[in-house]
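K.L.:
Build the full structure now, drawing on both the sequences and the hints.
2 protein chains.
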Amino acid sequence: MKNEKIPYKIYLQESEMPKSWYNMRADMKKKPAPLLNPGTKEPMKAEELSAVFCDELVAQELDDTTPYIEIPEEIRGFYKMYRPSPLVRAYCLEEKLGTPAKIYYKFEGNNTSGSHKLNSAIAQAYYAKKQGLKGVTTETGAGQWGTALSMACSYFGLDCKVFMVKCSYEQKPFRREVMRTYGATVTPSPSETTNIGKKILAEHPGTTGSLGCAISEAVEVAVGSEGYRYVLGSVLNQVLLHQSVIGLETKTALDKYGIKPDMIIGCAGGGSNLGGLIAPFMGEKLRGEADYRIIAVEPASCPSFTRGIYAYDFCDTGMVCPLAKMYTLGSDFIPSANHAGGLRYHGMSSTLSELYDQKLMEAVSVKQTDVFEAAEYFARVEGILPAPESSHAIRVAIDEALKCKATGEEKTIVFGLTGTGYFDMVAYEKFHDGEMSDTIPTDEDLAVARAKLPNMD
Amino acid sequence: MKNEKIPYKIYLQESEMPKSWYNMRADMKKKPAPLLNPGTKEPMKAEELSAVFCDELVAQELDDTTPYIEIPEEIRGFYKMYRPSPLVRAYCLEEKLGTPAKIYYKFEGNNTSGSHKLNSAIAQAYYAKKQGLKGVTTETGAGQWGTALSMACSYFGLDCKVFMVKCSYEQKPFRREVMRTYGATVTPSPSETTNIGKKILAEHPGTTGSLGCAISEAVEVAVGSEGYRYVLGSVLNQVLLHQSVIGLETKTALDKYGIKPDMIIGCAGGGSNLGGLIAPFMGEKLRGEADYRIIAVEPASCPSFTRGIYAYDFCDTGMVCPLAKMYTLGSDFIPSANHAGGLRYHGMSSTLSELYDQKLMEAVSVKQTDVFEAAEYFARVEGILPAPESSHAIRVAIDEALKCKATGEEKTIVFGLTGTGYFDMVAYEKFHDGEMSDTIPTDEDLAVARAKLPNMD
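Taken in order, these protein sequences are the chains called A and B. Residues are numbered in our numbering as their position in the first sequence, beginning at 1, plus a constant of 45. Residues are numbered in our numbering as their position in the second sequence, beginning at 1, plus a constant of 45.
Possibly wrong hints are sitting among the right ones.
The list cannot tell twin chains apart, which means a pair is met if one copy fits it or any two copies do.
[What the hints assert, rightly or not] The calculated DSS-like cross-link candidates involving lysine-lysine, where the alpha carbons are at most 25 Å apart (straight line), are:
| no. | residue 1 | residue 2 |
| --- | --- | --- |
| 1 | LYS243 | LYS448 |
| 2 | LYS301 | LYS54 |
| 3 | LYS64 | LYS50 |
| 4 | LYS370 | LYS75 |
| 5 | LYS450 | LYS54 |
| 6 | LYS90 | LYS141 |
| 7 | LYS475 | LYS179 |
| 8 | LYS450 | LYS497 |
| 9 | LYS125 | LYS147 |
| 10 | LYS141 | LYS175 |
| 11 | LYS54 | LYS64 |
| 12 | LYS179 | LYS141 |
| 13 | LYS125 | LYS141 |
Think of the hints as simulated: they come from the structure by calculation, not from any bench.
P.N.:
Written out as structure tokens, the structure reads:
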């Protein structure tokens, strides 16, 4: 097929879909730092993690040596309902930009959750079901993860309790309604239903919540309820493992047409999409088989890679989770209230943090006004209204394509289009009305948030 | 390929996409009745229609003899951005229902407009551009058509003025915002910007508008503005022609795997989706080459096929449009305010009306509470949150599959899943909260509406 004209959309056959996930950690010489028990500062053991997570997921979390882990048949069956996702050649965008660059994007938005989150949700629900659990708890910010998990739980007949960051709960009633369609219970966080929620409400009356706080509530409920475990949609190694299906499909599609990318660009909040998209490419890089520029894009208002520090930190506000070594802004960090573009977690996947620290990938931060400008441009040219999160990657892909225009280089750019923005129209409206602004944390803001890092002496 | 296992989703290659639209009328022995000039009651001539519609679209509207009309290269290019759409084998639905029936659906919701409407919008925008126009005007109810047209106009650099039925404008601010993202101007209808709008507001202060009224406003603005024409998203022959791309792709996909459907089911408001989906199948039926059951599904609260009469009627409230012979409830008919499920036009495509009158297709009406029950069931099982409109077809597909379960028959059912329900969560919320009810027009209601039919003596 190498000389065929490349279609607008490359769809793999079902038979070409990956049968195993790829675990980047297996090919890393220096492994990501382990999760630590916040009390003893010793690496978390499987037994300890099993109180919070499903057993099989704990095994995946801790496994940094097995490169390929088989995708169970049931999960592959579910994947076939909405995957393979298309790898799109952005012919229209290229033409409009007048760039010699060749631009591809892997589009993960063609499912009702509206994003890539479903790839890990269905895996986590499957293992919970297999373990005979009654249900799972989780947090959600913008709502993509909560929606994905609701769909996955509905499929396997599991109960699903979602703690939704209060400001999102109020601003996005339709997201909440989609979760209800799939039978989930959605509680605004912080809530009076948990001890940590009550404590936070008492300390910060009127708070609109944060991801870190919603995580604490979800964990508390999971640990305190018979037959429940907690599940998380990003940051964790297991999540990156499941999301590798994005990168594996992308690589198979590129290989089919003999295309070798020069750079791979993805947005990064906790790292689930980026870690999945880059997995097989990073694998080649780690094994010395190929080289690629890999670029993480984050919001200037929540710049964990570009302005955070690499240290052990709390994963949640309530400090009930294990400590993770990661690029972090401090677990108290909350992006400015005018930030609409998602990707608002204070830390970053330990695996990606270690790869970044080893200089195997780059990071860049972008302002949300520039992100929405790129989002609207892309919507008009490529016909897909992108999620604000995904639009971070669009912004940098366009910037790189314009550099190619200036230099005349015919580079091949691949980026991850993680989802659609149909539930983000309040943010688009702000942008259209000229009411969107950028608030970038000062060095002082960051120093204040950082002061609460755990003492590791 | 005939013996291969049928995949969950059949995607055609780009090279297999239709190169021509199919015009059912060419194969009809008795043709649909012509549009009439409301003054003279004589068939509308091309010159008369050209004041309202683009020239090439007028030609398509009047052409009832050419079976295949080539799809221009530029439109095929745009189609490739979001087509071919998948023909999905509903394995999960079949299993959940425990039916021996084989169920397929053609899914048209994987584009930002969220529905099949884009198939005709891009064609109409293309011909407007080719004619050197500045822009187009239209009406939109639920918003799918307005969104689709905004996208198409943005692609070709045309101005787009949308009159949106006021109650939708207020209930669906996000739909409006998507249209703004694509640069369209959206005005709630009735408005003070047109004579007919002012008149209707004076006669019915506080009215929340109707499709018929929004059409009148859009036509008035088109006719009164230099370089503008009016475009319509349903009912017209030209729209059914463009939408035949749905049926042609469906038929190619089925043929590839040697599948012959027993019945084809589609929702029907004005007939755009149904007319497109059934086109090549009806063609075979008209030519005596094959037989299929073809079922139109409409809301019990707006039952133009099942309880309307076949007569010449006004297409709009302001009576500025040509008269069309169709199954109609009368141009003043407005479905009950509690009707949330779309498909609220008072009439039906003349072509489909004639086919129905010739008993070449069936029609059934369903209650919206039953429709939303089917919608939620489908969302949970197949992972796609359907539009209320599309869910009318789901309801009947499920009912037919359950009949097969009772009889043991292995029938093959194909239905049209026209779009997604992401902007319809207010209706879903009503359903979840048990606040959805059914108001079915009484015979008296219908008699009142019918009294205003034009005098054809």
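K.L.:
Broken hints, numbered, in rising order?
P.N.:
1, 6, 7 and 8
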